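Peer 1: Chain residues, written in single-letter form:
There are 2 protein chains.
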Amino acid sequence: METVATKSLKFDAQGLLPAIVQDAETDQVLMLAYMNAESLQLTLSRRETYFWSRSRNELWHKGATSGNVQHVDEVSVDCDADTLLIRVHPAGPACHTGNQTCFYRHVETLA
Amino acid sequence: METVATKSLKFDAQGLLPAIVQDAETDQVLMLAYMNAESLQLTLSRRETYFWSRSRNELWHKGATSGNVQHVDEVSVDCDADTLLIRVHPAGPACHTGNQTCFYRHVETLA
Chain A
166 METVATKSLK FDAQGLLPAI VQDAETDQVL MLAYMNAESL QLTLSRRETY FWSRSRNELW
226 HKGATSGNVQ HVDEVSVDCD ADTLLIRVHP AGPACHTGNQ TCFYRHVETL A
Chain B
166 METVATKSLK FDAQGLLPAI VQDAETDQVL MLAYMNAESL QLTLSRRETY FWSRSRNELW
226 HKGATSGNVQ HVDEVSVDCD ADTLLIRVHP AGPACHTGNQ TCFYRHVETL A
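Read top to bottom, the protein sequences are chains A and B.
Each residue of the first sequence is one higher than the one before, starting from 166 at the first, in the working numbering.
Each residue of the second sequence is one higher than the one before, starting from 166 at the first, in the working numbering.
Just chain A, same shape as in the assembly (with noise of 0.2 Å):
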C-alpha cells in the first residue's frame, strides 16, 4: 500500500480532519470524531487514539477516563487526503451510550 506523509494531509480551516475508526477485528464502524496534527501525531506515536474534542476544546485520549482506550491497527488517508480511517482494537464499546458503536440507531425512511 502506498503510504502518505503526514504533512501532505489537508487539514480544514479549523486544523482538523475527520477521522472514521473502524473495528478492525469485526469490521464495524463505531465512531467518527475529529484529529488535529497533534492527536494525529500522539495517534501514531503511541498506538491508541487521539482526538480534538469540537465541543471542549481540548486534546481528548480515548478511553482516558473510561478505560475504553482504542489499540491502533492501521491509519489510511483517502483519495483527497482529507479524512483519517483508522482501523482499531477496541477495549470496551466505542459509544458514551455504552453501545459498541455510535451508530445504533436507523434515520427514518420517508419513501
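Just so you know, these hints were derived from the structure itself, not from any lab.
The reader is advised that the hints may include incorrect statements.
In this list, chains with the same sequence are indistinguishable; a pair is considered to hold if it fits within one copy or across any two.
When the alpha-carbon atoms are kept at most 25 Å apart in a straight line, the in silico SDA-like pairs for lysine to any residue are as follows [said to hold, decoys possible]:
hint	residue 1	residue 2
1	K175	E239
2	K175	L207
3	K172	C260
4	K175	Y199
5	K175	R270
6	K172	N201
7	K175	W225
8	K172	R219
9	K175	T262
10	K172	E239
11	K175	E223
12	K175	N201
13	K175	E203
14	K175	P258
15	K175	R212
16	K175	L224
17	K172	R270
18	K175	E213
19	K172	D245
20	K172	H226
21	K172	E203
22	K175	Y269
23	K175	H271
24	K172	P183
These figures come from a predicted structure and were not determined experimentally.
Once you've looked at the hints, dock chain B against the given chain A.
Peer 2: Chain B in isolation, oriented as in the chain A frame:
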C-alpha cells in the same frame, strides 16, 4: 434498532452532515462525503447515494457520470446525530482513481 427522524439531525453551520459510506457486503469503508437535507432525502427516497459537493457547490448523484452508483441498504446516525453511516451495494469502485475504496493509502508512521 431505534429510529431517528430526519428533522432531529444536527446539520452543521453549512447545513451539512458527514456521511461515511460502507460496503454492505465486504464491510469495507469506501469514502466520506457530505449530505445536506436535500441530498439525504433523495438518498432515502431513491435508495441511491446523493451528496453535496463542497468543491463544486452542487448536488451530486454518485455514479451519475461513471455509472458507479451506490444502492443504499441502510442509513444510520451516531449518538450525537451529526454523522451518518450509509451501507451500500456499490455498482463499481467508489474512488475516482479506480480504487474500490478512497482509503487506499497509509499515513506514514513517525514513531
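Peer 1: Are the hints correct? Go through all of them and say.
Peer 2: Verification of the supplied hints:
1. Taking identical chains as interchangeable, the C-alpha atoms of K175 and E239 lie at most 25 Å apart only when both belong to the same chain, with a minimum of 19 Å there against 30 Å between chains.
2. Only within a single protomer do K175 and L207 lie at most 25 Å apart by alpha-carbon distance; the minimum there is 18 Å, versus 29 Å between protomers.
3. In the homo-oligomer, the alpha carbons of K172 and C260 lie at most 25 Å apart only across protomers (22 Å), although the nearest pairing inside one protomer, at 30 Å, exceeds that limit.
4. For a Cα distance limit of 25 Å, the shortest separation of K175 from Y199 qualifies both inside one copy, at 13 Å, and across copies, at 16 Å.
5. For the identical chains of this complex, K175 and R270 are inter-copy neighbours only, at 14 Å across copies versus 31 Å inside a copy, given an alpha-carbon limit of 25 Å.
6. For the homomeric pair K172 and N201, the shortest alpha-carbon distance inside one copy (12 Å) is at most 25 Å, but the shortest distance between copies (30 Å) is not.
7. When the C-alpha separation of K175 and W225 is checked against a cutoff of 25 Å, the pair qualifies both within a copy, at 21 Å, and between copies, at 22 Å.
8. Taking the shortest alpha-carbon separations for K172 and R219, both the intra-copy value of 22 Å and the inter-copy value of 23 Å come in at or below 25 Å.
9. With identical chains, the CA atoms of K175 and T262 are at most 25 Å apart between copies only, with a shortest distance of 18 Å across copies and 32 Å within one.
10. Taking identical chains as interchangeable, the C-alpha atoms of K172 and E239 lie at most 25 Å apart only when both belong to the same chain, with a minimum of 18 Å there against 36 Å between chains.
11. Proximity of K175 to E223 under the C-alpha cut-off of 25 Å is found in both arrangements, the shortest distances being 21 Å within a copy and 21 Å between copies.
12. Within a single copy, K175 and N201 get their C-alpha atoms as close as 11 Å, and across copies as close as 22 Å, so both meet the 25 Å cut-off.
13. In the homo-oligomer, the alpha carbons of K175 and E203 lie at most 25 Å apart inside one protomer (14 Å), although the nearest pairing across protomers, at 27 Å, exceeds that limit.
14. In this assembly of identical chains, the alpha carbons of K175 and P258 lie at most 25 Å apart only when taken from different copies (23 Å versus 30 Å within one copy).
15. Proximity of K175 to R212 under the C-alpha cut-off of 25 Å is restricted to the intra-copy arrangement: shortest distance 22 Å within a copy versus 31 Å between copies.
16. In this homomeric assembly, K175 and L224 come within 25 Å of each other (Cα to Cα) both inside a single copy, at 19 Å, and across copies, at 23 Å.
17. For the identical chains of this complex, K172 and R270 are inter-copy neighbours only, at 14 Å across copies versus 36 Å inside a copy, given an alpha-carbon limit of 25 Å.
18. In this assembly of identical chains, K175 and E213 lie within 25 Å of each other by CA distance solely inside one copy; the values are 22 Å within and 28 Å between copies.
19. Taking the closest pair of Cα atoms, K172 and D245 come within 25 Å of each other only inside a single copy of the chain (14 Å); across copies the shortest separation is 30 Å, beyond that limit.
20. Taking identical chains as interchangeable, the C-alpha atoms of K172 and H226 lie at most 25 Å apart only when both belong to the same chain, with a minimum of 22 Å there against 32 Å between chains.
21. In this assembly of identical chains, K172 and E203 lie within 25 Å of each other by CA distance solely inside one copy; the values are 12 Å within and 35 Å between copies.
22. Within a single copy, K175 and Y269 get their C-alpha atoms only as close as 30 Å, which misses the 25 Å cut-off; across copies the closest is 16 Å, which meets it.
23. Proximity of K175 and H271 under a CA criterion of 25 Å is satisfied inter-copy only: 15 Å between copies versus 31 Å inside one chain copy.
24. With identical chains, the CA atoms of K172 and P183 are at most 25 Å apart both within one copy (16 Å) and between copies (23 Å).
Consistency note: the structure conflicts with none of the earlier hints.
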